[in-house]
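**Student:** Now for the letters of each chain:
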Amino acid sequence: MKRWIRKISGQDQDLETGLSEEDSQETVTEKGAAPEHQAAQAPRYGLFKRLKEQMGRTRGGFIRQMDELLTGRREIDRGLLDELEEILVMADMGVGTVQEILDRLRSEVKRHEIDDPEALRNKLKEHILDLLEVPAEPLEWEPAPFVVLVVGVNGVGKTTTIAKLAYLLREQGRKVMLVAADTFRAAAVEQLETWGSRLDVPVFKQRTGTDPSAVAYDGMDAAKNRNMDVVIVDTAGRLHTKVNLMEELKKINRVISQKIPDAPHEILLVLDATTGQNAISQAKLFNEATGVTGIALTKLDGTAKGGIVVSIAHDLGIPIRFIGIGEKMEDLRPFDAREFVEAIFSS
Amino acid sequence: MFDNLSQRLDAVFKKLKGYGKLSEENIQEGIREVRLALLEADVNYIVVKDFVARIRERAVGQEVMDSLTPAQQVIKIVHEELVKLLGRHNQNLNLAGRQPAVILLVGLQGSGKTTTAAKIARWLRTRGRKPYLSPADVYRPAAIEQLKTLGAQLNIDVFPSDPSFSPVEIARRSVAKAEASGHDTVILDTAGRLHIDEELMTELKDIKAAVDPQEILLVADSMTGQDAVNIAKEFDRDLSITGVVLTKLEGDARGGAALSIQTVTGRPIKLVGIGEKLDALESFHPDRIANRILGMGDVLTLIEKAQDTVDRKKALELQKKLKKDTFTLEDFRDQLRQIRKMGSLEQILSMIPGLNKMKQLKGLAPDEKELIQVEAIINSMTPAERRNYTIINASRRRRIAKGSGTTVQDVNKLLKNFATMNKMLKKMRKSNFKQFPKGLLPF
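Same order as they appear, the protein sequences are chains A and B.
If you read the first sequence in the working numbering, its first letter stands for residue 1, the second for the next number, and so on.
If you read the second sequence in the working numbering, its first letter stands for residue 1, the second for the next number, and so on.
It is worth saying that the hints were derived from the structure and are not from the lab.
Just to be clear, a hint being listed does not mean it is correct.
Below, computed lysine-lysine pairings styled on BS3-like, alpha-carbon distance capped at 25 Å [what the hints assert, rightly or not]:
| id | chain 1 | residue 1 | chain 2 | residue 2 |
| --- | --- | --- | --- | --- |
| 1 | A | K251 | B | K321 |
| 2 | B | K321 | B | K426 |
| 3 | B | K416 | A | K242 |
Construct all of the structure, not just a fragment, from the sequences and the given hints.
**Tutor:** Below, the structure is given as structure tokens:
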């Protein structure tokens, strides 16, 4: 175990923060006191700095290209807007969304609301922010047990996101339980268990191959019996086009609400930011099947594109709840559209 | 897969066909729409630009204008250029040289390396090799456990890795172990990593230096967006990859990554993953994929699959029946049994020319569990009922439901589907069957 931890921290200096062996033992003995202290110490400024750092690739990607395009230009002509279109499409923003942004910009140019490149940059920032802001009820994590059902296609990072989310909630002093309802993939239960023991968070599990709905059903009982604040249910990755697997998801959903009325309170769809326009299709079909209430967008640090964020928020009107910007435990963060836009547009 | 792109292009071509004689303007408009379709399919922007420029050059020239069927000419040009994008020929795994041969799998987190490792092992075993799986992902919790479980399912040996070993150590020792135990191919599964993570890329270089793999395959998710090209480029720069495995192609990915990677890196796509099951791996044939994208089906792959599994004599019999309108529930049951050996129904249907365009078929393909149920229902019928389903009245339905442990609704559903299927067959008999050369029908 120790050498294993060493490897993890070798890979990324991260896991010292909450994950190294000493720390997790500390939380066993001192029950949550240490993490709270830690959270209180983290200054807001530091968080923004980290976001800026981790979004460096997006900034270095399309924002830099845009700045290169704009510097030295005096006026805005058709050629410039065409090139801007190209840059935005390359950032995975999606043809439809890009068209909409450009339509707005073009009419603003026509009305002389935009006369120089600097104004164009500001307007673009404004439009992106506008598309990103989706009106939604904030997550209150109440009433207890607050049930979060985590869904998504294979390999987007559901289990890791759950671990980070559990960490985040535990830091806030909530009692969190994980339910291992991915009974399909080999060793998925073990993966969640490993996280559970590292985070000192209980994991409810049954054998691999059990009906996931049954696991979810019994998991709800366990959560109620143990007076949990939040229950996070992990499900198997499934391609959104597989009708039978989407049916299975509906069943899990139904079974949960039989046990706890109004649950699941949040159905969190995990999307991989490196995915292109297919993310839209994923979100649409998962939404049709289960009524997605929020999105967690992972691996944003790994892509120079990131434009898919805009497409998703705008096309679907589903709020982005969290973004994953790195491998550290704290790198899953609540999404704030304004902060995000500031981070990528700042130089 | 590629359905969306396929439908978009189909709409463009239909419009072109409607014109009869094409003006330059018609063609330009068509090309603009092709461009949009490709961009929405996540094909890399730069690749699209080149592609469109080449098509424009060829399509606006005399080649098309003078032709009697200009729209067909345009489709032909798009097809040829698509094949060029995808790489001209099918490239097999190259495992010649020193044995045991080593296949190193690399890629981003979540691209599907571990599943692919198991699939490749199975694939090689059916081709007469003796594979050995080596899990070298010591970072992701339970990754090693995952490969061990998959190995056990396939009954393929797995190196007993432990998270406390270093990946390089695992690579070296597993090759030695494979050699000693008479295996001829080692498949090394590594941890997912970002292409920009220098430390982990160095680790891969070290593994490469230690075991000198014959194949370094980049496992890439077919749903990747515009970044696919950068990812491939950077892995290639650091490791000189020998090929690409595209995964999750059974979804509705529009195949942009597939179309871009080959062009930009020049590295061939060698294998594609088309399902969650461990036999869902195919070799990649550029021309066949181009056919699928253009809605022309992929009869060749289907035939190969069929040849692997289907009884020849029965196939010929069935072919006759299909053409003659005597397809009964009994034949249907035979088919179900054969098909279950071949792969999922959805996959098979998508390979049949013209079928992917038929909207009615969508959602008609039953899932595997349903297939078993369907077989049970048919088993509970009398021979007379199987030969002529129209005699199955309400009381017969009740009996059949009871006999097969299903409900009357299930029986109804089956009969309705069967009737629809017969209708479709009739339709095919009128149109598409004529296009089939004799003896080519895959069933």
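**Student:** For each hint, tell me whether it holds in the structure or not.
**Tutor:** Hint check results:
1. A:K251 x B:K321: Violated: K251 of chain A and K321 of chain B sit about 41 Å apart, past 25 Å.
2. B:K321 x B:K426: Holds, because 12 Å separates the two Cα atoms, which is no more than 25 Å.
3. B:K416 x A:K242: holds (22 Å)
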